[in-house]
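Residue numbers (my numbering), protein chains in the order written: chain A, 4 to 843; chain B, 31 to 419.
For the record, the hints were derived by calculation from the structure and aren't laboratory data.
Quick caveat, the model's predicted, so the values are computed rather than measured.
You can trust all of the hints, since none of them are fake.
Below, a list of computed lysine-lysine pairs in the DSBU-like style, where the Cα atoms sit at most 35 Å apart:
1) A:LYS675 - B:LYS116
2) B:LYS214 - A:LYS654
3) B:LYS298 - A:LYS654
4) B:LYS272 - B:LYS414
5) A:LYS531 - A:LYS429
6) B:LYS298 - B:LYS272
7) B:LYS214 - A:LYS675
8) A:LYS654 - B:LYS68
9) A:LYS264 - A:LYS429
10) B:LYS218 - B:LYS68
11) A:LYS675 - B:LYS218
12) A:LYS654 - B:LYS116
13) A:LYS453 - A:LYS405
14) A:LYS675 - B:LYS68
15) B:LYS218 - A:LYS654
16) A:LYS119 - A:LYS107
17) A:LYS560 - B:LYS298
18) A:LYS531 - A:LYS453
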Amino acid sequence: MDGDICATATATTPPDSDPTRKRRVHGMLKLYYGLNEEGKTVDQAESMNPCDINGTHFDPEVYLNKLRRECSLGELMDQESCMVKQIRSLDSDMQTLVYENYNKFISATDTIRKMKNDFKKMEDEMDCLSTNMAAITEFSAHISGTLQDQHAQITKLSGVHTLLRKLQFLFELPARLNKCLELQAYSQAVSSHRRARCVLQQYSHMPSFRGIQDDCNAIMDKLAQELRQKFRDGGSSAKDLSECVELLLQLDEPAEELCDKFLIHAQSRLEANLRGLEAELRPPLSSGPTSVIDPSIGPARRLSAAPTAGSPADPTFPGNPFLSPSSRTDILEFIDRGCNEFVSSLCLAIASYQELFVNRPQEGNLASKNIPHMAIGKLHAFVDALATCYFSLVERRIQEEKSVGDNSLLVRALDRFHRRLQAVAKLLPGSAVPSQGTEIVVRAARERIKQYLAALQSFYLDSLRDVRQALAAPRLGGSSAGGGSHLAGPATGKDAPASLPELLSSLSASILNQIKSVLASVHLFTAKDITFSNKPYFKGEFCSQGVRESLVVNFIKFVCQSSRQFCESAGDRGGSTPPALLLLLSRLCLNYETSTITYILTLTDEQFLVQHRSPVTAVAALCGEAREAAQKLLNHYVKVQGLIISQMLRKSVETRDWVNTIEPRNVRAVMKRVVEDTTSIDVQVGLLYEEGVRKAHSSDSSKRTFSVYSGSRQQTRYAPSYTPSAAMDTNLLSNIQKLFSERIDIFSPVEFNKVSVLTGIIKISLKTFLECVRLRTFGRYGLQQIQVDCNYLQMYLWRFVSDENLVHFLLDEIVGSTAHRCLDPAPMEQSVIEVICERG
Amino acid sequence: MEDDAPVIYGLEFQARALTSQTAESDAIRFLVGTQSLKFDNQIHIIDFDDENNIISKSVLQHQAGEIWHISASPADKAVLATCYNKTSESRVVTCGAVWRMPPEWESGSHESPDDPHNSHNPQNLELLCHLDNSSHGNASCVLWEPMGDGKHVISLADNHALLWDLTESSTQATISSSATLEGKGQLKFTAGKWSPHHNCTQLATANDTAIRGWDLRTMSQIYCIENAHGQLVRDLDFNPNKQYYLASCGDDCKVKFWDVRNINEPVKNLEEHSHWVWSVRYNHSHDQLVLTGSSDSRVILSNMVSISSEPFGHLVDDDDLSDGEDNHQDEKTKEPLQDSIISTYEEHEDSVYAVEWSSADPWLFASLSYDGRLVINRVPRALKYHILL
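So here's chain A without its partners, still in its complex pose (with noise of 0.2 Å):
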């Protein structure tokens, strides 16, 4: 194939450039002389054809005969005639290849012949080297033996020399050091005398090198103790502080003495921060806790105490806790105060400490020595003890910040304290110090929150203190004006409960608004910007466990709790708590319930992100709580409320001899007092609770008739005192009757509404009137008394009942038991009772 390629190619290059025609004509050559492979496929190409003038199979007797046979003469002449042409030029080209290549044959011999003359030439000149060479190897090792001996010499005087300079140099070291010492070059003395103190050790045997061991040695306890007392004046700068404890170290001073002594310095500095701190506080009381830091704390803090001398609370009053001096300095001020006093000294202390003592470089012997450990030790020893004095100092100032009112200082503070200790913490890894900062902040918080629920339990109380003067001071005037009007009703009943939804929704909105605030100020702790709210106890047990229990649901179970004190304390005691009040908070507990109680915790779980992983009070059982409160409280009220009437029923009957009163005129003042009341308890409760659902009245409900003989169930309950010979089969009958009437629970649970609090109230009211009327004997005018009194009460009674035969049962059994114990049982006809009532 490549051949192919290459004779194609050599057959199609166009004749017109040079260096390709030139190949051409190489090609032919080579084809000629069949020197290249080339000739080789072209021939295999070509090569059966005997007919191809160029193939070397040509055959020139078959090619003649060929032409022979198929050209005519005149294609013959033409034949030849190129043939000869042809022919011509083939021989000149080869008369020019012949040329050519005899002219560089004879180039070639010249050259070589030029060629081997050179080459002797310089055989002889090499010849020449090596002699030369030779003469000077001798020459060289001869001048080496002679200078042999004097080298030696030289080199030991040099010795000697060197050992004269560093003798010089320790003959000179003491003046040397004292000019050091004098000019206060303590460094390069010191250096000076490390080269020198070897080999003054080593040659202390001698006297004259003694002497100078021991001039330079009290030279160098001179330094010693200079820069002794330059250390302990502490005056200097941190930069030669370190070199004053570094030269120290090199002069062989026990690491830890000067670790001591650095500390101890520090410390006093330190502790005078602390003392300033200190005189911030208040001055802890005589039984209080002891100074911190030493006695000498009196003479300083009345050292600060003297800028504000003008204050109240000078010297003249010690005694007096209330010209006590309160803080000079709100919280932040103080905290500020102690981050950039003593926090930063702190800071700056075990820098330098660290600086000098526990990173320096190790050389030399004092490697060994181990001084980083002791020396973190020490300062680990001394930053506990001084920032337990200083967290105690914060601690006492935190706890004296009772106020509530600004919780955002409160927090800056706490985080300022937090953050500058971070500080501490990156100086000092693995110190305690941060960890125990954050116990305190975290304190703080706990501290905080016990703070705010106090603050709301007495926001709560305090609220009721008020509701329960707005309720009293109405109620005074109210009544008086009340007392001497006839049948107010509800138009003109008391002033107070015409406030009441009004102090209710005044009441629970500024609860709810205080319980925001406080969140909102709890919520602070939290802020993203406040370094410590990312600890693990304020995302999660504050939130969860603090705000929400410990906040939140402990101030709603103290609302639920001290509204069941008001039922169970004033109960016996004489009910000191005005029944408004009892159906106010009885409202509250069940708008908690209902709603209240939901919305606060939403908002809390929702501000605080509280993710409950420690379990927590359920909303539910928290409106369980509230519910049973409500409930408890509505009964408290319909006891108290039944009470007061009843006690009025009871009096006027009990006081007064029924046997020998008058014929009855008018209906008794106790009972349209008893309406009356009756009216403005439901005007009352009505402002707060729903209507309720009531039987359908019959038409003509305030007209009922009671009548002795005619009453249904008189006839035949108490038959027997009219027809004694039926006395089983009437007792029989009275029985019988009763178990188709449902029994009555006197003092049962009201349900949330108007009607069902009236109803309640209304049956123990009855009730006890029919059990006090049991246990009177009465007469004629007794008899018929009760009666007016009985249908007046069923005129105006029955529309606050929710089953208005509730009152038509009572007020049957109290005119028929009074009928059984009436001795002249002779009753009034029902049309005079009707005029009578009318009347009023």
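Put chain B on the given structure of chain A with help from the hints.
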């Protein structure tokens, strides 16, 4: 363990006064006094045959007036005292008197209660003496000296407590000493109880909301529980086995148990009734059983184990108990003590003003409602065996 159904007895008249026949220790017998302004009042003697569950009654006439309180002598079965209303010309006075039942009444008890002859020809009570108190006001109750010889009674009249000596077979009553409650307003004793402890030298009385203790030797006040109840105190009873323990009940629907050594707080509160509690009674033998009756028509039997004299169950004092039973006893002492309501009895239709344990059978009690219905009930058997075993 089926409990026996309650036994009900109906009186023709309304009634408030009930007592068990204290001196009778064999037969279960209750005395009921009626209240009627128009007819002669009666004392019904109710005998209960426990085995056959049958009630038999005898009626004695009490013509002096309607009976407000009745109490039986602890010494003589036939003697009893009543407080009754005497109405005379537009004046109503309550008096006290001591009566003797006629000796023949017992013969009538064998007859059928339905026998018309018996109920229509009742015998009269024989008056022994009047506790004449014209100068002291209306008597509210008469108390016999507990476990005494029937020679001493106390009557409470308005604000006086009068100690009477009965002499000459109880036909003569003389005031041996008296105490008067002084104070502003019209003070009136509403109830009282003679303590069986301290040699019967103490008396407890109730007036309004206060409970007072009196020493009968000096007739002076020992203690006073002011505001013992929110409202009127209706009844008192002493724990028969614990000398300082006292139960009270009142219009605040509560029953309270007091240790009179510490009168500031009640030891225990019971708040089960829905209306005034009129009567409270300790069981004579097992003082954890407390019976209360209320005008909510209910009678409630409570088990106040924690403040009883047997806080760890009944102590084994019988010698013939086997070892196995001893072990059982040990187990029982470990059971937690729980005060509980044993049972609520709703057989009454009207207010229950009196409840009383039988003096003969400690597991049986009677309650009386205003409509004249007397109900005899038993302690549930399960509890009875629990206490006994």
